[in-house]
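Protein chains: 4
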Amino acid sequence: MATREKTGGLIRIRRSRTRRILPAEVRVGDLMSAAAELFIAKGIEATTVNDIVERAGVGKGTFYHYFETKEDVIVALRERFSRDFTDQVAQAVASCPADDHRARFAAWLRGTVQAYIANYKLHDVVFHEFRPGNRNVKDKEIVLAQLGELLAAGAAAGAWKLSDTRAAAIVIFDGMHGMVDDAIAGEPRDAEQICRRLSELFGRMLLI
Amino acid sequence: MATREKTGGLIRIRRSRTRRILPAEVRVGDLMSAAAELFIAKGIEATTVNDIVERAGVGKGTFYHYFETKEDVIVALRERFSRDFTDQVAQAVASCPADDHRARFAAWLRGTVQAYIANYKLHDVVFHEFRPGNRNVKDKEIVLAQLGELLAAGAAAGAWKLSDTRAAAIVIFDGMHGMVDDAIAGEPRDAEQICRRLSELFGRMLLI
Amino acid sequence: MATREKTGGLIRIRRSRTRRILPAEVRVGDLMSAAAELFIAKGIEATTVNDIVERAGVGKGTFYHYFETKEDVIVALRERFSRDFTDQVAQAVASCPADDHRARFAAWLRGTVQAYIANYKLHDVVFHEFRPGNRNVKDKEIVLAQLGELLAAGAAAGAWKLSDTRAAAIVIFDGMHGMVDDAIAGEPRDAEQICRRLSELFGRMLLI
Amino acid sequence: MATREKTGGLIRIRRSRTRRILPAEVRVGDLMSAAAELFIAKGIEATTVNDIVERAGVGKGTFYHYFETKEDVIVALRERFSRDFTDQVAQAVASCPADDHRARFAAWLRGTVQAYIANYKLHDVVFHEFRPGNRNVKDKEIVLAQLGELLAAGAAAGAWKLSDTRAAAIVIFDGMHGMVDDAIAGEPRDAEQICRRLSELFGRMLLI
DNA sequence: CATGAATGAGCCTTCATTCAT
DNA sequence: GATGAATGAAGGCTCATTCAT
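For the protein sequence lines, the chains are A, B, C and D, in the order given. Okay, so the first sequence: first residue is 1 according to my numbering, each after it adds one. Okay, so the second sequence: first residue is 1 according to my numbering, each after it adds one. Okay, so the third sequence: first residue is 1 according to my numbering, each after it adds one. Okay, so the fourth sequence: first residue is 1 according to my numbering, each after it adds one.
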């Protein structure tokens, strides 16, 4: 690593000859975390690879040892985010009896709201600030599928009625998104409050 | 100061590509349109100011005569978009009798869906690809207010029931957004079809 | 004239259709004064022609009506400065009896110090920040000639002794310059004090 | 992010002009020397960073690896100049017996004149063409201090008389400057001749 | 005479990526 | 594996100057 300091118009470069060798997972993790923090703080475009390696405490070459391009970190971050997100929600849902569909839906809602509140900053940056061409459909699709299944199961079991599962899933998911964004932007409400409001609206919508 | 240095004794004649003077509005309009087209086609970052002026058929200085930075076009574009959007929807709603709230809501929904379908490309680029810090809250707020009023009026007149106008407005607006995005990404559905699906869901939600 | 104000990312240009017609001298004078003030405040390079015309309250074309290039103002400013400077000093000297050489030298010294103190800012900017190739020799030469004559006359009349008029003139002029600069940079001394110190040194140097 | 866009299916091979890695000092030295030569030849403003790196034989990025801005080279150059200048003169003075004050003064004068004659071009460019705000006082102060000490020591030892050390130092230094400038601008005189003339004047001034 | 919209060459700077060590 | 010096294409922006009105 190297520190740069200015002395009379000239950047003096101070080499510190530490070269630590760590397991690959740790390196990758450090790099991704550093990137995430910086992306959140400054935005993706304003964050340079230099910033990332500096914060991660590794040399620049190391970055390119683990990632092929800067975009790769974003993709990796997105994947990690999606995985964590769905896992977390799936776990919450799974903790309910398989046949208590209303409880499962409630668990989905609470889990989703909580996960989103906890991570919306990274979510925003990683999903909105970067264009992968396909309008980010891929990742959203997974979440919608998860919710769709839940809704379909409930409908099949007579827990609620709905004629178009996908449409309902979309409205529920994006509606929930909007509510959380609104809460974040305005006076902070807790997850419970948001869930109550959404439950009422969605409950009627599903004819629960 | 850039003194006109004789480049090796060779005087470079500049073909004066007949400089045309146009009203400011036209110039600004041309520039904004050129920018919009390019932003949609290549993304904001990939579009250079050079691209824009070339497409608009003006010199680069002209761009900076009307805009202070590249970002400024985006802001201007966003404002124009929001203005046009709300105007269009407001007009559709206004064409319904003031006391026919269901018709007014239907008009709002159809108007919004149509306007969004017609312009989602610019919308995406201008609202998602660029970070103005305040999470774009301002512009969305205007739209939400418009819808909120409509909903409140209907509720007051007994056309429907709802306990939290803002929550409903958010879910409706973002739900509609999601549906249109989905339609755009997948097999294209026409506006009518989307409206029907949404009407059903929102109708139940509002206890119409 | 035109004012520019920002409204939503777009520079709105407000035309004020006043077109005043003034005598050429006034125009040129306004322009030169505006330029001088700005050069002093921001430096020559940082001052744009736009700045100048804005402060002078005229259109940009007007500038190029009276000056061929931006450099021309500097040259004009320098000429005006030199003329004023020598005139002022000459006048002070002329107020002494033609045969009282010591008084004439004292008058020259006091006049020069005063003139320089009063205008050093413009002097600095106009004589040091701009390279006319010949190391500004021309203008200094006039001043040196003026002083040289005075010294030679005094020597011829036996008021003092000196073997090399030009060398003495240079040392006296640049020495005086240095003293005034020093006074300006440090705690402010009045002209009298500076003159006393210089008189002592120069008096000995000339074997007065 | 500047994604490596395929330019119409054509992959641009970059001839890797064998990138050589050199010690930082060498690189910085090359860059500074190149800059100095160009500044002297064309003036600071007319010299572009491109010019500098081209002459130094490095990539443009290398420049910004070592300097933060173009101005930084000027500052660095100025510091190097001042350091070298004072060192050189100090060395000349130190070669005289500590108690032979007249010899020391003579050595100072000759050393200063020689050093200035040898480097006046860079001096001019770097000290006059660039405004660091504080009127370059800092660097001159060092030189004046050096001379002031010498003068004070001589006065204390009775080698000469002077009532105001600083005033004398200023007049001597700036007088010497003026003489050398004059010699440079007119017919070239050698250092010895200049020193002789100055010695006579200064000798009388100090009542040696 | 006066104006200011229009121009474009050219500058400084950034930063993702490479590769010699 | 790890490093960071080196690179250079590319972009945003400035500003002196012109000229149609």
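These are calculated hints, taken from the structure and not from any lab test. Please note that the accuracy of each hint is not assured.
Note that identical chains are pooled: a pair holds if it fits in a single copy or bridges any two copies.
To be verified - Straight-line alpha carbon distances no greater than 30 Å define the calculated DSS-like cross-link-like pairs of lysine-lysine that follow: (1) Lys138 x Lys161; (2) Lys161 x Lys121; (3) Lys60 x Lys140; (4) Lys161 x Lys70; (5) Lys121 x Lys60; (6) Lys121 x Lys138; (7) Lys161 x Lys60; (8) Lys161 x Lys42.
Here the structure is a predicted model, which means the values were calculated and not measured.
Results for each hint:
| no. | hint | result |
| --- | --- | --- |
| 1 | Lys138 x Lys161 | within (27 Å within a copy, 37 Å between copies) |
| 2 | Lys161 x Lys121 | neither (35 Å within a copy, 34 Å between copies) |
| 3 | Lys60 x Lys140 | neither (33 Å within a copy, 40 Å between copies) |
| 4 | Lys161 x Lys70 | neither (46 Å within a copy, 50 Å between copies) |
| 5 | Lys121 x Lys60 | within (26 Å within a copy, 37 Å between copies) |
| 6 | Lys121 x Lys138 | both (20 Å within a copy, 18 Å between copies) |
| 7 | Lys161 x Lys60 | neither (56 Å within a copy, 59 Å between copies) |
| 8 | Lys161 x Lys42 | neither (45 Å within a copy, 43 Å between copies) |
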